[in-house]
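Visitor: Sequence:
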Amino acid sequence: SPSLQGVFPATFVHLKKAVLTTRGQRQTVAPLEDPTITEVSSTLQEWALLWKQLYVKHQVDLFYKLRHVMMELMDLRRQLLSGHLTQDQSQEVKRHMTVRLDWGNEYLGLDLVPRRDFAMVDEDRISVSDLYKMGDASRQRHGDPGRLPVPHHLLVNLKSFASSGVGEDTDIFFSLFDLREGRSLSEKFMVRLNKNGGPKNPEKMDRLSTLFTDLSNKDMKRDLYIISQVIRTGRMLLNDSKKGPPHVQYRRPYGCAVLAMSDVLQTISELKEEKDFVLKVYTCTNENEWYQIHENIIRKSSTKYAAPSSNYGLVISLQLLRGDLEQVRRENPLLFSRGVAISRKLGFPDVIMPGDVRNDLYLTLERGDFERGGKSVQKNVEVTVYVIYADGEILKDCISLGSGEPNAPEHRSFVLYHTNSPRWSELIKLPIPVDRFRGSHLRFEFRHCSTKDKGEKKLFGFSFTPLMREDGTTLSNRSHELYVYKCDENTTFSNHALYLGLASCREDLSSCPSVPSGLVFQRSSKETFWISTQLSSTKLTQNVDLLALLKWKAHPDRVLDVLGRLRHVSGEEVVKFLQDILDTLFCILDDNTNKYGLLVFQSLVFIINLLRDGKYFHFRPVMDTYIQKHFAGALAYKELIRCLQWFLERSSEVLRHEHVQEALRALEYLFKFIVQSRTLYSRATCGMEEEQFRSSIQDLFQAVRLVLSLDGRSSETLLFSQAALLNSFPAIFDELLQLFTVQEVAEFVRATLGSMPSSVHVGQSLDVVKLQSIARMVDSRLFSFPESRRILLPVVLHHIHLHLRQQKELLICSGILSSIFSIIKTSSLESCVQEEVEMMVESLLDVLLQTLLLLMSKGQSQEAVRGQRCPQCTAEITGEYVSCLLSLLQLMTDVHFQHLMETCPSQDELKELLMKILCVFRNLMKLSIFPGDWNILRLLASSIILSTAQFLSAALHKNFTDADFDFNVWNSYFGLAVLYINQPSLQLENLTSAKKEKVLDRYGDMRVTMTRQLFSMWQKLGENKVHFIPGMIGPFLGVTLVPQVEVRNIMIPIFHDMMDWEQRRNGNFKQVEAELIDKLDTLVSEGKGDENYRELFGLL
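Numbering (full-length UniProt numbering), first residue to last: 1 to 1100.
Calculated directly from the structure, the hints in this document are not laboratory data.
Be careful, since some hints might not be right.
Distance ranges between label pairs, derived from CB positions [what the hints assert, rightly or not]: (1) P199 / I298: 23 to 33 Å; (2) G571 / L62: 50 to 60 Å; (3) R478 / I298: 20 to 30 Å.
Glycine included, C-beta positions come from ideal geometry on N, C-alpha and C.
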């Protein structure tokens, strides 16, 4: 029906919410959806046309690759639109989208898209410098997002164990083994199965899985194996019913399976779900070799194990997960809801994370040597392990055979058949509470398991070891040879004091040298038992020096010595006890400030600098939390300021240079302690001694200024101290802002920066540090306040101006300028920045133009940049400075341009300034400063040049027309206009219709605007037009070649005007005519100009 109107079919179309934005006279409609979705939609539409052309051009490989990427993008877009993703998942999907978008744009030769947080940026809301940096970062990324190293976690799930030969209950243990180092990397994961192969606990059906956590990239490159050991529980000999009565159960080794991670890693890395693997279970032919059966299987020592009769064995599934454990929990809720066991690394991960509370003692029952004891055959030895507290109570739930099963009060080892020298190498975990560790000991009871009718287990000896030494340190991480004491089945251990006084090992003999012969327990001199221990504890230490510090009150006379020894304690131990150590240091400081002040200060400096190490860097937040919530030293600030000033005053002394530099490197956290201490004192006393505190900070800054004002060229020691001070200085601003106003802190900083020698010859290395310090100051929170920028900007600009004048350290200077422009551009969106821009124009414009002219001339002659210490190419550093100049021009308003023209002292200087700007612009048109795919940046640069040219044309007309006419300036201006209109990036006819529409929406046709401006300036020349006839005929004809009707219509009257002026002067226009015909002839013979163009000049 003709009366019905609308979109067809109606069911397929829906209206999107949108927002209307106005730019000048144009209005743009943008959908209110995620910008990444909008970008994907428009990009896919653009790619679709090019994709079909790839097929036509027979670029089959790229055709299929692009199709695959387009399908992926549609799928990712669908996921994002669904609205069912978590925040982390959305970020990950966007990351995948942008990687694919950038890849496709690069391969199709399309424009590079600058982004921030995966979304396209609005170039009107950021500085040109920021846009340049984004483009540079995108080019270097090439679609590969540089991600931080993340831990890996291996999920192991036991699906089934099919071994027809067992027929008894079995314990299956899984662990990760590093073949190259010959040691386990992880705890064991334990699964208990019944004789039918099902889980002993029916609730665990389909829940037999573990996560081996915190595997670093380094771990994944190790020679790793998944080891699975099968221990059966039943008769002594599987096929011999005579050996032992059926009611007596022995834990006996059955078999072992191995899987090389190198064989499966690539497969499981690429998959997002679990992948099944079948492992053969090999049995041991000689039980004396059981302790190393896994290594024999890996090395294929086939004489030491027997292959199974069938391929049945263990069926496991593996999956590799990435990210920190909390993130993995969030992303895999189903996995954790079914009760996955966590199996940790033995020892700590590469990066120790704060809040990781552990107190695990890993005990390995290594081996034993026992006497035959009058028997005709060798013994079957079983070891029972107990953890016993000081009061004789056996600690419950303190022995773990493996994750996945509850802890037990005792552990019975497996039994090796007929050997007096058994080697078990059985690892168990003892998760003993910290408060029960002191005073507890381990007791190992040895029993011979008879296989005669009664099947008795006869006690024949025991060993023991305390968990802590007399000095309070724990059992060290190594192998321990323990003494074996004789006993029999009638022995009771109700009074453990009877044996605790004996020596447990050779080291103990020194403490109890003479053992009376009448004691209950006699040592068996020919029998020994070996264990090894490894402590993974965030609460206990094996370090004597650290323990002495924490218990300093027990020996107050040794405090000086104890403080001096702190720097010899390993970093791992220090970070474990960070809060306790800090509390102790401030307690000692309170006890006697005069005596211990300097040593406590140096100890504090040592700890602060330790946290600068990459391994312990994650503990900085722990230090921050300590300062904010636990630190209670309200008087400490006085001593910390005094010590810091003491070191500053000795910064040139050679003997103390190491201590001085360490103190200066720790400046940030020293100030955190000073500020928090002062805050606590002020809170407790209602602000007493405020003047004294302010005065002491003034004195401290006076000392800082003095150090920086000294000439360090004659003293390397002083130079290093100055460098350390400058490096740390910007980190203290945030702390000062807590106690002082923004203006006060800015004045401190201004005076400090002002105290540095203005000369750029103070030594190149210090020069770099000085500029790096200024760079960090510009990036700090302090500089974001307009009231501080008014104070700091002049001194920053002064230092940059000096370096640019000398052409030194150009790369660092460009970085500082980029940051300044970024901050001021952001501020300009909300407040007036006229005063700051004025400062920058006065200080920078001329020197920026000079720098660019030098760089561009060097770029053309391919010389290296003087003062450029990095191996960056000239083009890159030129790009940095071009973006800085454009950023400045973008911020300038007509008020700034007017002021600039008015403040030029003479006509000659104004001419020089205009010539420099026009020359730089002309070079920008000629040289390809920005790569071809940076079209967004090229268009923005053209827009800024156009608006600047409008300001310049007014100054040109006002100052260099009529009597003051200057041919060179006018000629330079016309030359720029011609180059500008002919820029390849402005030729909209070469763009796709969608892109053309985008450019017209944002900027309009800039060629037309510049052509109008050129026509207007030509008209203002008046009688001086004759100076450009016939010289400008060729260049102006070049403009008419632009296939844009309006540009041609504006330019044609100029040629009429030229004829008219020559007619007036010479009575004819033969010169213009000859030049026109000559140039047109050349252009037509070169094949330039379309049909319309020829018709146009036919009319002319």
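Visitor: The structure should be examined with respect to each hint, and the outcome stated for every one.
Guide: Status of the hints after comparison with the structure:
1. Taking 23 to 33 Å as the suggested C-beta distance range, the pair P199 and I298 conforms, at roughly 28 Å.
2. Hint check: G571 to L62, Cβ distance near 52 Å, so the stated range 50 to 60 Å holds.
3. The given range of 20 to 30 Å is respected by R478 and I298, whose C-beta atoms sit roughly 26 Å from each other.
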